[in-house]
Amino acid sequence: TQLLEQSPQFLSIQEGENLTVYCNSSSVFSSLQWYRQEPGEGPVLLVTVVTGGEVKKLKRLTFQFGDARKDSSLHITAAQPGDTGLYLCAAGTLGANAGGTSYGKLTFGQGTILTVHP
Amino acid sequence: DVKVTQSSRYLVKRTGEKVFLECVQDMDHENMFWYRQDPGLGLRLIYFSYDVKMKEKGDIPEGYSVSREKKERFSLILESASTNQTSMYLCASSYGYSGLAGRNEQFFGPGTRLTVL
Numbered sequence: 001t002q003l004l005e006q007s008p009q010f011l012s013i014q015e016g017e018n019l020t021v022y023c024n025s026s027s028v029f030s031s032l033q034w035y036r037q038e039p040g041e042g043p044v045l046l047v048t049v050v051t052g053g054e055v056k057k058l059k060r061l062t063f064q065f066g067d068a069r070k071d072s073s074l075h076i077t078a079a080q081p082g083d084t085g086l087y088l089c090a091a092g093t094l095g096a097n098a099g100g101t102s103y104g105k106l107t108f109g110q111g112t113i114l115t116v117h118p
Numbered sequence: 119d120v121k122v123t124q125s126s127r128y129l130v131k132r133t134g135e136k137v138f139l140e141c142v143q144d145m146d147h148e149n150m151f152w153y154r155q156d157p158g159l160g161l162r163l164i165y166f167s168y169d170v171k172m173k174e175k176g177d178i179p180e181g182y183s184v185s186r187e188k189k190e191r192f193s194l195i196l197e198s199a200s201t202n203q204t205s206m207y208l209c210a211s212s213y214g215y216s217g218l219a220g221r222n223e224q225f226f227g228p229g230t231r232l233t234v235l
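Just so you know, the sequences run in chain order E and D.
The first sequence maps to residues 1 to 118 in our numbering.
The second sequence maps to residues 119 to 235 in our numbering.
With the rest of the complex left out, here is chain E:
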């Protein structure tokens, strides 16, 4: 069972269009990150949101963390071919080992493959 549901899985649009990618869960998270991955490379962090209701902007990208910290969205305005890539949301969760040491880890959504055509 996927803890994080990301949608849509595929998005193919024309240059200049707007788009939104969603990341949803029934669980509350301590933080939510968005990464972007290009072919042949590892994911690169775009943003981290930690407060319910938080909105962050990165040029044409707007990230929102839901009030209840269970969902997030990524909105791209006037998409460009350079935005093409795999977008991944990742939720931060906390745990502890048998010795009582706390640790955090990320759980990733399935990813959204975005293609922006010129």
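Hints listed in this document are in silico derivations from the structure and should not be mistaken for laboratory results.
Facing chain E, from chain D, some residues (calculated, C-beta under 10 angstroms):
| # | residue |
| --- | --- |
| 1 | Leu159 |
| 2 | Tyr168 |
| 3 | Tyr215 |
Stretches of chain D that chain E covers, calculated by requiring three or more beta carbons in the stretch to come under 8 angstroms of a beta carbon on chain E:
| # | stretch |
| --- | --- |
| 4 | 161–167 |
| 5 | 226–233 |
Just so it is clear, CB atoms sit at the ideal spot from N, CA and C, and this is done for glycine as well.
Take the given structure of chain E and dock chain D to it, following the hints.
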């Protein structure tokens, strides 16, 4: 410039072989992670380590083991490779206290595409 390097970009192995995937980071990060990436499944955590000689199971540890003898190096071991372990393997690292490992930025290597025949 921060850097995570992985020993191979492509690897082809036979079923039953023992496979070592090496990861090195030059950022003096405390936390290191191994993920596998499969289409439609995103990244799934195999093992992670928040200190030298320490390791914790992730979400899919079966069939894998890890070793962290030095802070900068984290190795993933497939004891007896099977075809269902054909995948892209990504290593990552992050700084800071283990409790913040789910919040701090993770820096990824370029990945190793492993094919098991």
